[in-house]
Structures are given as structure tokens and as C-alpha cells.
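Starting from the given sequences, assemble the full structure and let the hints guide the process.
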Amino acid sequence: MDAAVLSLVPATVPARVASSAQDAITPPLRNSFRLERSWRDTVPFDGVVASRWRMPAPCDTAFERAGWGEGYTLAVHLSSTRMLFQHEREIVWSGFVAPGTMLVTQPGERATVRFHAPCDVLHVFLPMRQVRRLISGARGADAPQPIALGGSGLMRDAAIERLALLLADVQDGAVAFHRDYACAIREAIVARLLALQDDAGEARDTRAEVRRASLPDWRLRRALAYVDTHLAEPIGLRDLAASAGVTRMHFAAQFRLAMGLAPHEYLMRCRIERAKSLLLNADRAILDIALACGFRTHAHFGAVFKRMVGASPTGWRAQRLERGEAIS
DNA sequence: ACGGTCGATCGCGTTCATAT
DNA sequence: ATATGAACGCGATCGACCGT
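For the first sequence, the working numbering begins at 83 and goes up steadily by one.
The reader is advised that the hints may include incorrect statements.
Said to hold, decoys possible - Simulated DEER-style distance windows between Cβ atoms:
(1) L339 x A199: 14 to 22 angstroms
(2) P316 x E269: 37 to 45 angstroms
(3) A240 x P316: 19 to 27 angstroms
(4) H346 x R214: 35 to 43 angstroms
(5) P316 x S394: 20 to 28 angstroms
(6) E269 x D142: 32 to 40 angstroms
(7) R274 x L373: 31 to 39 angstroms
(8) L369 x A148: 48 to 56 angstroms
(9) C265 x P316: 41 to 49 angstroms
(10) S394 x T143: 34 to 42 angstroms
(11) P200 x G233: 20 to 28 angstroms
Rather than coming from a laboratory, the hints here were simulated on the basis of the structure.
Just so it is clear, CB atoms sit at the ideal spot from N, CA and C, and this is done for glycine as well.
Take a look at the structure:
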């Protein structure tokens with residue numbers, strides 16, 4: 083959805099008015115996604131499933147929003163960042179955030195954030211009535227409601243992350259029937275969150291909740307800086323551990339505690355992030371991009387890319403170029 | 001020439017015991 | 001509490017091959 087269309091619907095108009103106004107201006111199928119002009123400025127009136135907040139450079143501003151009263155807000159970080167995040171003035175997270183990390187803001191809960199690094203966040207709006215309906219369907223009509231979704235801290239889940247990436251693709255309207263598509267993905271996300279909650283009750287360890295950092299921040303900072311600087315070169319666990327000043331075994335364990343994912347997995351995500359931006363240059367060969375992102379063969383690059391993105395590098399590039407996202 | 005797939009090899013991540 | 005090191009299973013990696 084382009085900025086001109088977005089500007090026609092102020093974020094502050096009442097829900098019902100906004101819905102009908104937007105329907106009158108644009109075809110109904112273009113309503114499910116918004117780009118945020120300020121952090122979480124979207125009023126998720128009927129039809130808006132998700133919105134996205136991108137900040138290319140860090141700024142010193144703290145953003146504060148009262149939570150959406152009619153539902154939950156799921157924030158999925160599409161890129162790595164560094165932030166201080168609070169719910170009702172209580173610190174939820176302070177420090178580095180890996181791509182794929184997520185957190186849920188409960189209905190009406192006040193959220194405050196200060197980003198210390200560029201960020202790219204997808205906000206998915208989960209209406210309370212939808213959550214209620216799914217709970218009643220799965221646990222019976224007399225199941226206790228309402229519930230707190232997603233716990234109180236940062237968490238990771240591969241399935242939700244993949245669903246969120248699919249939802250991000252709806253942004254430009256490239257997916258046919260994309261409003262139904264977006265609603266179906268949202269429903270799947272809610273179901274998955276509820277399933278995770280059930281799992282957490284039976285076996286707490288199965289839930290991938292990100293815990294507070296136990297690797298000291300200065301060590302983590304040095305390791306992440308090393309990744310950023312040497313991304314195009316071979317980086318081993320030993321290199322990262324050495325940059326942080328600990329042994330590789332200790333580093334692997336502590337890094338996982340701090341970031342919620344293994345060092346190698348983090349490295350691959352960073353490489354694929356960079357590869358995606360390079361792929362938008364249609365003239366650049368796949369092998370060239372693979373080498374520029376630290377892969378030593380196109381075979382390895384293709385395999386990792388397909389595993390993480392769900393498409394081959396050329397397939398993904400073709401999709402993006404079709405949508406006019408090429409850069410020169 | 002470029003890009004995708006497959007199989008063998010190797011290194012990573014995890015666990016556990018131990019030291020400081 | 002924090003850090004190190006050994007052992008081991010398995011997934012990541014890379015070279016070879018094939019298709020376009």
C-alpha cells in the first residue's frame with residue numbers, strides 16, 4: 083500500500099468511520115496492511131490485520147502508546163535492533179534483539195520503547211473476540227477468559243516467525259485475495275500462540291522464551307560488532323567467542339541465553355538479511371552476492387536462503403522485481 | 001554460465017563434570 | 001555464580017553433478 087493511500091486515513095479517526103472511509107476510497111482488498119508513520123500509530127479498525135514500523139537510523143525519541151483496547155498487539159522484529167522496551171513502565175527488555183524475536187502487548191497495556199539501532203517491526207493485531215472464539219472452540223465454552231497471551235517477556239517461535247513473514251508479504255498487495263489471506267494467517271498466529279501456552283503448561287522448556295542476558299552486555303556488544311564488521315568473511319564460533327573474550331562452549335551457551343538463538347543461527351540471519359538487500363540489485367550475480375555475504379559457495383547460500391526465506395534466491399528476487407522493488 | 005540438488009564430511013551446539 | 005573442557009550427535013557445509 084503506498085503512502086498516498088495511507089495518508090487518506092488518519093490514524094486517529096474512530097474505528098467504524100475509518101473502516102467505511104477507507105472502503106470508500108480504496109478497493110476492500112487493499113485494507114489489511116498499513117505502514118506506520120509513527121511507532122504503533124495504527125488504530126486497528128476492522129480490516130487492518132497488521133502494520134509495519136521501519137526506522138532506518140536510531141533516534142533518541144522514546145515512543146509511548148496506550149495499548150489497543152479491543153485486542154492484543156503482537157510485535158515481530160524482522161531485523162536485529164537494540165532497544166529498551168517497557169510495559170506499564172516496567173522494563174520488559176533492555177539490549178540487543180535478534181530477528182524473529184517477538185512480544186505481545188495485552189489489551190489496553192501501555193507500551194514504551196526507545197530504539198538505539200535501526201529497526202523493522204511488524205505489528206499484528208489480534209482481536210480479543212477472535213482469541214475468545216478460538217479458546218471456546220478448543221477448550222470449551224466455559225474455559226476461563228480473558229487470558230494473557232504470549233507471556234510477559236520476549237519470545238521466539240519458528241512457526242509464528244514464518245507466518246509473520248508471510249503476512250509482511252501482504253504489505254504491497256502482491257498476494258491475490260490478500261485480505262482473506264492475511265486474516266487466515268492471523269488466525270493461524272493466534273492458534274499457535276494458544277498452543278504454545280498449552281505446551282508451556284505441560285513442559286515449560288518447550289517454549290522458547292528469551293531470558294534475560296547472562297552474557298555481559300559489553301561482551302555481547304563486541305561479538306555482534308564482530309559479526310557486523312566481518313560478515314563477508316568466514317566467521318567461526320571460535321572467532322565470535324574470542325571477540326567476546328570467552329571460550330566457544332561458554333559463549334554458545336551464554337549467547338543463546340542472551341539472544342534466544344544460537345550464535346551460528348544469528349550469523350546466518352544477518353547474512354540472509356544482507357543478501358536480501360543485495361538481491362534487489364537485479365544485475366548482481368547470485369554467486370557474487372553469496373560471496374559478499376560470507377558464503378563460500380552458491381550451493382550453501384541457496385540452501386540457507388531457501389530454509390530461512392522459503393524460496394530460492396532467484397525466485398525471491400524475481401518476486402520482488404515483479405513488484406518494482408529493484409534498486410540500481 | 002548460472003543456479004539447484006545431493007551425499008559425504010566436518011564443525012557446531014549441547015550436556016555434563018569439574019575448577020575457580 | 002561463572003567459566004572451562006571433553007565427548008558426542010546431528011545439522012551445516014562444500015564439492016560434484018545436473019538442468020536450464
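Practice problem: Could you say whether the range 20 to 28 angstroms given as a hint is met by the Cβ separation of P316 and S394? | Solution: Cβ of P316 to Cβ of S394: about 23 angstroms, so the range 20 to 28 angstroms holds.
Practice problem: Starting from the hint 48 to 56 angstroms, judge whether the C-beta atoms of L369 and A148 obey it. | Solution: holds, 50 angstroms
Quiz item: Is the hinted range of 34 to 42 angstroms satisfied by the C-beta distance from S394 to T143?
Solution: holds, 40 angstroms
Quiz item: Between E269 and D142, does the beta-carbon spacing fit 32 to 40 angstroms?
Solution: For D142 against E269, whose Cβ atoms are near 39 angstroms apart, the range 32 to 40 angstroms holds.
Quiz item: Measuring from beta carbon to beta carbon, are C265 and P316 in 41 to 49 angstroms?
Solution: Distance hint for C265, P316 holds at roughly 44 angstroms.
Quiz prompt | Satisfaction of the hinted span 14 to 22 angstroms by the C-beta atoms belonging to L339 and A199 | solution = Given a distance of about 20 angstroms, which is inside 14 to 22 angstroms, the answer is holds.
Self-check item: Cβ separation of A240 and P316, checked against the hinted range 19 to 27 angstroms
Solution: holds, 26 angstroms
Exercise. Kindly confirm whether 37 to 45 angstroms is satisfied by the beta carbon distance between P316 and E269.
Key: holds, 43 angstroms
Practice problem: Could you see if the CB distance from P200 to G233 stays within 20 to 28 angstroms? | Solution: Distance hint for P200, G233 holds at roughly 27 angstroms.
Exercise. Note whether the CB distance of R274 and L373 lies within 31 to 39 angstroms or breaks it.
Key: holds, 37 angstroms
Exercise. Hint says 35 to 43 angstroms; check whether the CB-CB distance for H346 and R214 agrees.
Key: holds, 41 angstroms
In this structure, every one of the numbered hints holds.
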